[in-house]
Structures are given as structure tokens and as C-alpha cells.
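K.L.:
Spelled out from the first residue to the last, the chains are:
Protein chains: 2
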Amino acid sequence: MAKRTETPGRLDDAARAGWLYYVAGRTQDEIASTMGISRQSAQRLVSLAVAERLIKVRLDHPIAACLELGYELREKFDLKHVEIVPSDPGASSTTVGIAEAAAAEIERWLRRPDPIVLAIGTGRTLKAAVDQLPTIECPNHRIVSLTGNITPDGSAAYYNVIFSMADAVKARHFPMPLPVLASSAEERELLHGQQLVRSTLKISAQADVTFVGIGELGTDGPLCVDGFLAKDEMIELMREGAVGEICGWIFDGNGKLLDNPINERVASAPIPSRETSTVIGIAKGKRKFQAIRAAVVGRQVNALITDEEAAEFLLNA
Amino acid sequence: MAKRTETPGRLDDAARAGWLYYVAGRTQDEIASTMGISRQSAQRLVSLAVAERLIKVRLDHPIAACLELGYELREKFDLKHVEIVPSDPGASSTTVGIAEAAAAEIERWLRRPDPIVLAIGTGRTLKAAVDQLPTIECPNHRIVSLTGNITPDGSAAYYNVIFSMADAVKARHFPMPLPVLASSAEERELLHGQQLVRSTLKISAQADVTFVGIGELGTDGPLCVDGFLAKDEMIELMREGAVGEICGWIFDGNGKLLDNPINERVASAPIPSRETSTVIGIAKGKRKFQAIRAAVVGRQVNALITDEEAAEFLLNA
DNA sequence: TCCTCTGGTGAGTAATTGCTCATGGGCAAA
DNA sequence: TTTGCCCATGAGCAATTACTCACCAGAGGA
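So the sequences go chain by chain: A and B. Under the numbering used here, think of the first position of the first sequence as 1, with each following residue one higher. Under the numbering used here, think of the first position of the second sequence as 1, with each following residue one higher.
No lab work stands behind these hints, which were simulated from the structure alone. All of these numbers come straight from a predicted model, not from anything done at the bench. Glycine included, C-beta positions come from ideal geometry on N, C-alpha and C. Where hints are given, some of them may not hold.
[To be verified] Some chain A residues judged to face chain B by a derived CB distance under 8 Å, without partners named:
no., residue
1, 19
2, 71
3, 194
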């Protein structure tokens, strides 16, 4: 709140100093001498001009809107990191743009000198992101997959991204030698009891950063298309309120994991702690709006890479 | 001139860094670590953002002294609009400050919802102002150049600002496909008789608002430097009493257009009516004092954007 | 193929800016 | 008038930013 008793001329001086500093580009020393005051006073006037919002800065570039949205999202949902890429209204692709952004973010983590554990989920978006990665040598890091790499028919899952990642990144990789869905809760326990799986699960729990795609449900969503769930199972799930999934873990509109037989069969590692690590959800596109919102409000993720369109939805929803 | 070949992502990065620095108020160190680059690179991106004019700074406070001067000028010379910016005693630039103010004024006009015709002259000051414009969409407005865009040597005139304007502002633009000076009065008539030119001239006569630079004469003034007039022609003109020019139209100390062969060759459109529209002159600097005074007293303009120094001269002259 | 040139990088350093603290003047209340 | 408070001031110092230099990688031409 501006002081009522503010000397009337003082704001004027602040404006003048701010003008000389920001518009005319003089140093505070020069301002001090032309205004006949000490350097410190000039500094104070300049910062007063800023504090009183006399100085308006704006950025004339499309990115500005994205940064703005990102900032608001970070505040609203208490996220650790948000990245918004411009929407391309015409494009129907669910990966263009965010794949590059996600790749850049993955790369930033991998370039860290201190050893980290990077966990990674699955899905088309992540695959596209990983395909954007340059070759990097980072022998200190460990990369672990959260999801199994065996499909119901026994073949390797195409969208299991850890192998694509291994092509580009020279680091120790830990795939998950499991199907995505076990046939029963008991089978899952059995599988998770295996020595190899247990150690991989243990590593995944230590992840410093996790990249996951956020999947929408629906009979033409990835879980159905890729044959993990039958159509009637999907319909039943949606009737129970399910709106999205991460690594196979199905959650409702509030982002709570569903308490139902499917989730008991999910063989993926649990999503690493959102308390102690960064879990970055990656998704865009109208069909995923509800899933993204649920994942964020239910704190299945604590960081987000998405596009303008989805960001606006999240802010207004 | 910005490199066309600028790596496309680089300006994006610069914008991002600039936003983080100026809008979000982060330090360059923080920016460096969030963007995964070195501190020096972050600094470079920030300064690139400034250099490429992605960052627009504006002072949103009427400085009392300037307001006062503006009011007195408006009264004394019966002007429709006066804007005074602070003087920077040290600076030799003839554009710093008024360019931003002029850009703000142009923007105010362009943001009007009802369709207007905005006419624009030429010159370094106007160019600098237009470079400050953000991108605006205003399909309802028409923007017309008063001066030709062809130099004596046949190349496009650099300081013909309508093309810079077209980069920033999405509106219908009407350049003037003429030289600045015709070789003779007859040639001018011939040129002005062309259909295309006639329709452009007609639009310019309907201008709701006009922005023109006020040029000083002198052998190192713009008309000579840019090669429109030879030195001896200039000397002759000055002996006849010429002190300034607007769009090439040369006037004497009382602001009366000179009745001489040069003015008969000026191919620019006439300055739109000061009775029915707003014609804003933009100029500052000691060398232009006489030209500004003449333009104002002779009512070649009926509005003014200048600086404190010139305003004081006008009040005391 | 080699050379050159452009443009980017990191390091080091100088310049500039921001912060804290002790001081003192002005003003209102006692 | 005196007291006490507020806040502007200047100094010194820490943090931050800008600049220069030497070097490197890739593009393009001889």
C-alpha cells in the first residue's frame, strides 16, 4: 500500500530515475549525478519506481503467454515445475511440441553432474519425447522403468520407452521384466517377489525425478487400443468414475486411485513419492483434459509439461 | 537488422530468459540453473532479448514537471495533444524516450475499436518508435504512408517506416510507390496521376491521425545525409529561410511551406488537414528546436511529442 | 581436404547494483 | 522545549551483472 504521506515529489523523482534507468539506459551513478543525489539514493528511487509498479515491462513474444500460464499453474496447484508449450490449434497430434519440451527437460536432468535416478513411465508421448533425445553419456545416472515391458500377448511393448532411451543415453538402465497387468492380485505379488524385480522396484522408489505420460480412458484410449483392457472392462471402469491413468494406475476425477480389481493387477512400480521427488506428468490435448486435471489435483504428479490449451483449461476448471 | 538466419530456438530461449529475468524477477544464476545452461549464457540470452527488442519497458507515471510543461504548451499553441518525456541531459540520441512515448501513442490509437486511418511519415525517430510497437491485430484500421519508399538510387528507403510497421501490426497497409522527390514538378504530377497513387493519396487525406517526424535542415541533416538533396541545394534553401521539413515538405521559421522548386518536386502526400484530424509531430534535441517551433507555430502539426528540453525552449522562445 | 569465418561457450574480471547498518534531521506528542 | 519515532541518508560490503578474451565446433568456400 502506498504511503498516503509519501512526499508528493518523491514518486516523481522515482519516475524520473526509473525512466533514466530503464528507458534511457543510464547507470545509477549517472542518474545520481544528473539528479544531484547520491548513488544510493538513485538506487532507492529506481527500486521505488519498480516497487510502486511505475515500470511496466512486457515481453513481446509468443512464449510470454506460456510463461505466464506456467507461473499461474505452478501457484494454483503448488507444482514444482511447469512447462507450457504453445498450442498449435490446427495440429491434432498429441505429442508435437511437448515431446521436444519433455526431451529438453529430461536432458537437463541427465546433464546434472551428481548421480540421479530417473524413472520413466510409458506411452506414446514419452516415446516421442525420448526419440528427441540426443546421445548423452552419463554413466553416473540410473534410469529405471516404472512399467513392465511385456504385453498381454508376450511380445515386448512398443511404447515401453526405456529401450529407446537406452539407444540414446549411455547410462545404467533398469527395465521392468514384467507384464503391464498381472492376471490377478496374487500373481502380481508373486512377480514382485522375484529378486530381480524387487531390486528394480527399490531403485524406482528412490527416483529423483520421474517422467510419466498421463493417459485418458475411453474405449479408444491407449489401454484399450493396446489391448491391455477389453472394451467392457473399460466401460465398467468409466462407470465407476475413472478418468485417467498413469503407468496403468487408474484414478478418478479427483485423482484418487481406484479401489478396484484392475488396479490390484497393475504390475507397474508405484509412482515415486511426490513428497520427496519430482514427478513430471506429460500430456496435452482436449481428450486428456479431465485426466490431466485429476492427476494434478490428486497430486499423482507434482510437475507438468503441457500446452497452452490444456493450461487454460486447468486454470479455468 | 536482425539476422534472418538466427537459430529459431534461440530467440525463444532469449524470450524465456528475458521473461524470467524481467517479469519473474529471477537472477541470472537461477535462470541458468532452471534452463540448464551456464550463467554466462543466461546473461547472453537476457541481453539478446533486450537487443532484439523483445523486452518493452514503459514508464507508467506522468511526471509532474512534464505534465506541467505539456499543459502550458497545449495552451500556448492550441495543440490537441502534447506529450513531454523527461530529458536525459547526457544522451546524444535523438530518439531515446520519445520513441517509446510515440509507440505508446500509436498503440493507443490502434487499440481503438472503431476503424481509423493512421498516416505515417518517415525518419529515424518514427522508425525507432515503430520498432517499439508490440504485435497488434487490428484488421479494421488502415495504415497509409505519406512518403514514398524509393530513394534517389532506386533502392527502398531504410527509414520508410511503413514496412517496419507492417511487421508488427496486422492491418491493411498502403505504402506510397513513389520516390521521395520527383525530378520535376511535371514528373510529380504525372506520378500522382497514376491510379494506384491516387487512391493511396485519397486514403491519406482521410487520415484520422498522422504521425510525422520533424526534420531539421542543415548539411548534416537527414535530407542531405540520406542523399535527397545536395549540399549546395541545402545551403541555398537555408538562405531562403528554410528551417525544417516534414515528409520532405520544407518550411520556414514561421512554419510556412516554402514556395520554391524543391517543394514543387516533393512527391509525398500533403500533410493531412490540421482542421479535421490530429497530426502529431515527433522530435527532440537541440538541433531541431527551430524546426519544431516553426512546425508548431505554422500549424504544420497540431499535436506534439517531445522532451522537456525542447518544451522549455518552445515556452520561452 | 583444408581453411576460414561465424557464432557460441566458459573463465576470469571489472562494473554495477542491492542490502544492511549506523546516523541524524524533522515532526508530532507530551 | 524535550522526547521519541520515522525514515531518508551515506558508507561499506556482498551479490549480481556485464564485458573481454581465448577457444571450439560447424558451415561454407577454395
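K.L.:
If a hint holds in the structure, say so; if it doesn't, say that too.
P.N.:
Okay, the hints, checked on the actual structure:
Because the smallest distance between the Cβ of residue 19 (chain A) and any Cβ of chain B comes to about 5 Å, under 8 Å, the interface hint for this residue holds. Checking residue 71 (chain A) against chain B: minimum C-beta separation of about 7 Å stays under 8 Å; hint holds. Annotation: interface hint on residue 194 (chain A) violated; nearest CB of chain B at approximately 37 Å, more than 8 Å.
Checked against the numbered hints above, the structure violates only hint 3.
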